[in-house]
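Position chain D against the provided structure of chain S, taking the given hints into account.
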Amino acid sequence: MTHTLRLAVLLASLCAGCAGRPQPAPPPAQERIAEAAARGAALARAGDNAAAALRFQEALRIARTIEDADAVGANAISLSIVYQRLGHHAAARSALAVVLDAQAGRFPERRVLQAELRQAILALAATDTRDAAAYAQRAWERCQRLGCELAATILNVQSNAALDGADAAAALRLAQAAESSARGRADRAETANALRNIGRARARLGDPAGAIPALEQALEIDRALADPRKILADLAELERASAAKGDAQAARGYSERALAISRAARNGAGGEETEVQLRLR
Amino acid sequence: MHQTTVHFVTPNALGINQGMPVKLYGYSVGSVKQLGLAAEGVEVQLAIATDHLWRIPKGSQARFAREASVVGASSIEIMPAKSGAPLVEGDRLAFERSRTISEIMDEIRRQTVPAFNELKQVLSQLNRSSEDVSVLLAALRAEAERLPATHQALNELLKNGARTTAEVGREATATLGAARRASESAQRATDQIGQAVPELAAKLSSTLESIDSAAGQLRRTGQEAQDVLKRTQPVVERGETALREAGEVIGAAKRVWPLSGSFEQPAEAALAIDSFDAYPGRK
Chain S
1 MTHTLRLAVL LASLCAGCAG RPQPAPPPAQ ERIAEAAARG AALARAGDNA
51 AAALRFQEAL RIARTIEDAD AVGANAISLS IVYQRLGHHA AARSALAVVL
101 DAQAGRFPER RVLQAELRQA ILALAATDTR DAAAYAQRAW ERCQRLGCEL
151 AATILNVQSN AALDGADAAA ALRLAQAAES SARGRADRAE TANALRNIGR
201 ARARLGDPAG AIPALEQALE IDRALADPRK ILADLAELER ASAAKGDAQA
251 ARGYSERALA ISRAARNGAG GEETEVQLRL R
Chain D
282 MHQTTVHFVT PNALGINQGM PVKLYGYSVG SVKQLGLAAE GVEVQLAIAT
332 DHLWRIPKGS QARFAREASV VGASSIEIMP AKSGAPLVEG DRLAFERSRT
382 ISEIMDEIRR QTVPAFNELK QVLSQLNRSS EDVSVLLAAL RAEAERLPAT
432 HQALNELLKN GARTTAEVGR EATATLGAAR RASESAQRAT DQIGQAVPEL
482 AAKLSSTLES IDSAAGQLRR TGQEAQDVLK RTQPVVERGE TALREAGEVI
532 GAAKRVWPLS GSFEQPAEAA LAIDSFDAYP GRK
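Residue numbers (my numbering), protein chains in the order written: chain S, 1 to 281; chain D, 282 to 564.
For reference, chain S alone in the conformation it holds in the complex (with noise of 0.2 angstroms):
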């Protein structure tokens, strides 16, 4: 018998000795986390976002009444993020201070790389560019220690950063850097945000009919993940990208399929603005 099969046939033993005891159960308190943290990330994925912020509560309470930080940092982002979405603002950056203000040491270092990745966010949102600029560069530089999954985020995020600041070619370095990271991790959601970056910073830079095939990727890939806000923003910047090359026929056309995803998915402020906008035309 070779070595090879001596050590496979241990392993296969080993794992036999493993079933032949009684399994541990594992802590309740720590799955009743799991469970609740589960159910939180499958409401938001649905769209049912305030549903989805009660779980997300749930597990971050049970996760600090056994100390576990990691999942109290997990949690402490998730609701972050539906908090966002729901329009609460200060309850989102409240709930990364949990993270960010901690004591160094406190919190696995991955949960800190998100908190400030997620605090960029915040920040871009509420177009505090230089906040923005200053936690996603943290960010990076934690992730470029720790080899982090999130490369594409946070370089999006920075090319974001730099179309807000009006810096158009860092923008579209940053998303072609962010276009590559993200297809080598076979990652659609960020693949499509990097294209819908480029087709903005090359409109910005005067250069439409140059964004034009990009955003048009952006719009194939959010349409394969069936995300209507994505959808309507890549909509948009072919409107504006269209019209700006002086296609005011695509433009139009561009517009009214966004009106209908508005009125479609009830996006009252959206399909207001749109319409709005066809009216003048």
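Don't read these hints as lab results, they were simulated from the structure.
Since the model is a prediction, treat every value here as computed from it, not as a measurement.
Just so you know, not all the hints are guaranteed correct.
Restraint ranges, calculated between C-beta atoms of paired labels, are given here [said to hold, decoys possible]:
(1) Y306(D) x R263(S): 34 to 44 angstroms
(2) P367(D) x A51(S): 30 to 40 angstroms
(3) G317(D) x R263(S): 29 to 39 angstroms
(4) A362(D) x A224(S): 20 to 30 angstroms
Glycine included, each C-beta is placed from N, C-alpha and C at the ideal position.
Same frame as chain S, now just chain D:
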């Protein structure tokens, strides 16, 4: 875009939400418009783009589906009837609520993780001390005696697998992928063990000889399983039959294979961070 409303009734609407996409051949053709209590359970109204209705004849079925990943998005999938007049406003669809292979695989993962944890404990115990080796050898001998029973369980699974020729090609591909990953992971684990505990391997050689024949038989059975999987493509039928078979796989795998290393830990329940939340207007 004009939409037509059709509906189905389910005794359990768990997981179905307003706005959930309705898909035909994986392509979005509408969404869940409304849910409401009805005499038979919950009435779910679907708003479907009228342009696509000609593809959905009367007698079509709806079912609750999830994408390949367990954490993937859920949707209502339309399974069109072979022929007939298209659906019209107010028509009722039959509804089938079945467990998907993804859910079954998730069950497998959940059940296998504790075994993996125990394996890690045993390995760390081995690394810590050598005085437990005699105890371990006794355990190994006892477990080796169980291998024939495991082999029999696997053979039963193979018989079931050979009989089963249902479709679910995509899901079967995922199952095959898991099996391949299992194989790769076992090889990796073997290499690691080879580096970490060479002395222990030498001490155990006599015990290993005694279980060599059983292990060889087991490996042949594993190879047969791979062949059946490749030949028949879908090995598992939907529903409770699949669940029973999966249970047998779990039982056999827990006892024999170091499969726990092949199954990834269940995906983290935390929400994925999406840079789209930084897109202008997301405030």
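Structure-based check of each hint:
1. Y306(D) x R263(S): 34 to 44 angstroms: The hint (34 to 44 angstroms, Cβ to Cβ) is violated, given that Y306(D) and R263(S) are roughly 25 angstroms apart.
2. P367(D) x A51(S): 30 to 40 angstroms: The hint (30 to 40 angstroms, Cβ to Cβ) holds, given that P367(D) and A51(S) are roughly 35 angstroms apart.
3. G317(D) x R263(S): 29 to 39 angstroms: Because 22 angstroms falls outside the window, the suggested range is violated.
4. A362(D) x A224(S): 20 to 30 angstroms: This hint holds: roughly 26 angstroms between Cβ atoms.
Violated hints, in rising order: 1, 3; the structure is consistent with all others.
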